[in-house]
Amino acid sequence: MLRFAIVGGGSRGWHLASLLRGFPDVELAAVCDSDPGALARWCSLGVELFRDFEELLRWGDFDAAVVSTPWAHHARQSIKLLEEGKHVLCEVPACLTLEECWALLDAAKSSGAVYMMGENYCFMREQLAVLRMAEEDVFGDLTYAECGYIHDVRSLLLRPDGGLTWRGEEARRRRGVIYPTHSIGPVAKWMGIGERDEFVELAAMSTRPASIAQYVREVFGGDHPAAREEYWRCGDSAVALISTRRGALVVLRVDI
-12 MLRFAIVGGG SRGWHLASLL RGFPDVELAA VCDSDPGALA RWCSLGVELF
38 RDFEELLRWG DFDAAVVSTP WAHHARQSIK LLEEGKHVLC EVPACLTLEE
88 CWALLDAAKS SGAVYMMGEN YCFMREQLAV LRMAEEDVFG DLTYAECGYI
138 HDVRSLLLRP DGGLTWRGEE ARRRRGVIYP THSIGPVAKW MGIGERDEFV
188 ELAAMSTRPA SIAQYVREVF GGDHPAAREE YWRCGDSAVA LISTRRGALV
238 VLRVDI
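Just so we're aligned, residue -12 is where the sequence shown starts under my numbering, counting upward by one.
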């Protein structure tokens, strides 16, 4: 029996827990969330509840954890769990900085546990079909790919009271392709990135946040601070050009 903990008891944690609980040899042991409101829906399940992540680690009576907290916590919490010998399935993105990437890689290598970033797009039927075709050399040697994630999430940037959600905080302080994994993940698998090739160079540009600011004006009025384009760093659309060691090229587009 594999006992797992949910770190981040919001909507994603609830969804992933419902999937895991469908396996007969998997048991939900604990849920951790700093928000008591988020923990309330878990009370009827009879599992251990924690508001403090460090307290969950000290308790430690679980084998694996699903990390479904806001982005800024993913790397730190995953590293801590790996250091405790816990297997980790982390929501995307795994990291927000290169320093976090290297620290997470070191932790995964030195731990006896398994780490996986939960990029579900890599395992959807259509993407797996293309992967099979690539592996069977249907396309020949892949040297160019285009991918994109065109998803209007402006309504997720602000709460009904006009305050920023954690997604809004990320869009305010980050610029570039801030949510690449749904689109680049499958393409990386098709092109053998991490196995027979690797990304070596990247250049990214983005538009100004005209559409984001317009949405705020329409919903919250022109006096809202976020109604000004200067309030946001993240643009409406961002494009990255990525080259690989073997001379392939990938164009990646992400819209908010």
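Keep in mind that the hints are not guaranteed to be accurate.
Distance windows between CB atoms, simulated [as the list claims (entries may be wrong)]: (1) A59 <-> R233: 27 to 35 Å; (2) R233 <-> V79: 21 to 29 Å; (3) N107 <-> P23: 27 to 35 Å; (4) D210 <-> F126: 16 to 24 Å.
Below 20 Å or equal to it, Euclidean Cα-Cα: the simulated SDA-like pairs (lysine to any residue) are [to be verified]: (5) K96 <-> L118; (6) K67 <-> V117; (7) K67 <-> S98; (8) K67 <-> W89; (9) K67 <-> A51; (10) K67 <-> R38.
The hints are simulated quantities; they were obtained by calculation from the structure and are not laboratory data. We put the CB at the ideal spot given by N, CA and C, even for glycine.
Do the hints match the structure? See the list:
no. : hint                      : result
1   : A59 <-> R233: 27 to 35 Å  : holds (34 Å)
2   : R233 <-> V79: 21 to 29 Å  : holds (25 Å)
3   : N107 <-> P23: 27 to 35 Å  : holds (29 Å)
4   : D210 <-> F126: 16 to 24 Å : violated (53 Å)
5   : K96 <-> L118              : violated (26 Å)
6   : K67 <-> V117              : violated (36 Å)
7   : K67 <-> S98               : holds (10 Å)
8   : K67 <-> W89               : holds (14 Å)
9   : K67 <-> A51               : holds (12 Å)
10  : K67 <-> R38               : holds (16 Å)
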